[in-house]
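Please take these sequences and the hints and turn them into a complete structure.
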Amino acid sequence: MGLISNGTTIFDNGAVSSSLTGGLVLVSSATASSSASIEFTLGSYNIYKFFYINVHPGTESKFQFNLSTDSGSNYNVTKTTTSWRTFFNEAGNDTGLSYADNDLSQGTGPQVLSASNSVGADNDQACCGHLTIYNAASTTFSKHFQAETQFSHLSDYAVRDFVAGYANTTSALTNIQFTFASGNIDAGKILMFGIN
Amino acid sequence: MAVISNGTTLIDNGALDAAVSTGALTLISTSTASSSSSVSITSGISSSYDTYIFEFTNIHPATNNVNFLFNMSTDSGSNYNVSKVTTAMYSYNAEGGTGFELGHNNGLTLSNGTGNQTLLGSLGSDADQSVSGYLVMYEPSSTTMVKHFQFRLNYHNQADYTQEYWVSGYGNTTSAVNAVTFSMSSGNIDSGTIKLYGVAN
Chain D
15 MGLISNGTTI FDNGAVSSSL TGGLVLVSSA TASSSASIEF TLGSYNIYKF
65 FYINVHPGTE SKFQFNLSTD SGSNYNVTKT TTSWRTFFNE AGNDTGLSYA
115 DNDLSQGTGP QVLSASNSVG ADNDQACCGH LTIYNAASTT FSKHFQAETQ
165 FSHLSDYAVR DFVAGYANTT SALTNIQFTF ASGNIDAGKI LMFGIN
Chain A
5 MAVISNGTTL IDNGALDAAV STGALTLIST STASSSSSVS ITSGISSSYD
55 TYIFEFTNIH PATNNVNFLF NMSTDSGSNY NVSKVTTAMY SYNAEGGTGF
105 ELGHNNGLTL SNGTGNQTLL GSLGSDADQS VSGYLVMYEP SSTTMVKHFQ
155 FRLNYHNQAD YTQEYWVSGY GNTTSAVNAV TFSMSSGNID SGTIKLYGVA
205 N
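Note that the protein sequences, when read in sequence, are chains D and A.
Each number in the working numbering corresponds to the 1-based position in the first sequence with 14 added.
Each number in the working numbering corresponds to the 1-based position in the second sequence with 4 added.
The set of hints was computed from the structure by calculation and includes no laboratory data.
Among the hints, erroneous ones may be present.
Stated by the list, open to error - Keeping only pairs whose Cα atoms sit at most 25 Å apart, straight-line, the calculated SDA-like set for lysine to any residue is: (1) D/K63 x A/N83; (2) D/K63 x D/K203; (3) D/K63 x A/T61; (4) D/K63 x A/T30.
All of these numbers come straight from a predicted model, not from anything done at the bench.
Shown next, in the form of structure tokens:
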């Protein structure tokens with residue numbers, strides 16, 4: 015049974031119309047458990063927003079992501095990116111703002127999200143943040159993305175890292191993969207939202 | 005009366021069924037300042053959501069040239085004194101085109117300080133001056149991890165600058181954070197709203 019009011023479908027086929035459920039839709043979530051990687055399949059939303067929550071490494075390592083245009087067979091999309099960071103340590107004697115040396119110039123390897131440094135692996139240390147990808151399905155434009163990551167550096171720093179850039183391809187992005195540069199994702203959650 | 009569509013219950017007993025998707029961003033509370041010495045949010049921060057977003061709209065100080073402050077509590081607001089490790093970056097440009105800068109403000113950083121975190125300085129109190137922006141807080145109810153947070157606030161500096169501050173860091177505690185407070189370094193928060201949203205898990 016459906017309900018149509020003044021020409022607008024309110025619900026049909028067992029579901030409320032997507033136009034009434036808000037602009038931000040939880041598409042998928044994944045919880046790590048000693049996982050080598052976490053991967054998501056992208057679809058037709060105009061914007062994808064990922065929240066990564068207390069992603070904890072098995073060993074001290076850099077948190078990173080890569081993209082695929084062939085349904086996850088290969089994560090090797092060409093990327094040009096820029097990155098900067100701001101930091102302060104618990105000892106109170108080292109602080110700053112600087113360009114981070116984890117940018118890419120047409121690189122196909124993973125893009126580091128945790129500046130050029132490793133996320134600490136102490137029990138209370140982790141990595142949090144959000145990544146936005148625009149128009150991933152476009153076959154006309156390069157694919158812009160922006161990320162803000164806050165993490166506990168292995169040497170007890172609070173570090174906030176900004177990464178932005180574009181996947182330099184006119185092929186549609188089909189998948190995204192999150193990993194640590196070495197070791198597993200011991201714990202944590204990554205949520206994928208769609209926005210139209 | 006219940007509404008059942010294609011075998012799926014959508015509405016029953018005066019409420020949408022829990023399985024019905026209502027969007028991924030849930031408004032938990034709206035706090036409106038009105039000559040308030042502080043705005044404290046002492047409910048709604050719990051294990052219900054992993055991620056919380058606070059949206060600040062036109063937070064207007066009663067007193068000119070003040071700092072906007074933040075702290076957290078692990079005892080439902082009895083004490084706002086969570087140890088914090090933070091970093092603070094800013095960018096500004098003057099209305100008159102006389103100055104611009106990108107920098108890090110060492111004076112705002114905390115290394116396990118328990119006092120208020122200054123989020124920005126020199127906020128103007130002219131009728132059209134205020135601060136707006138957001139805070140993202142991650143898993144405040146965790147009893148394992150430190151509590152990461154990210155602010156991004158744009159404001160009208162009393163010297164007629166647009167200025168943005170990115171303050172971020174972590175509450176260096178494994179106790180659950182369950183309340184936050186916002187205030188000015190001097191005088192009241194004259195007006196403005198703070199909306200608290202939970203992001204679907």
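Tell me, in ascending order, the numbers of any earlier hints that this structure violates. Violated hint: only 1; rest satisfied.
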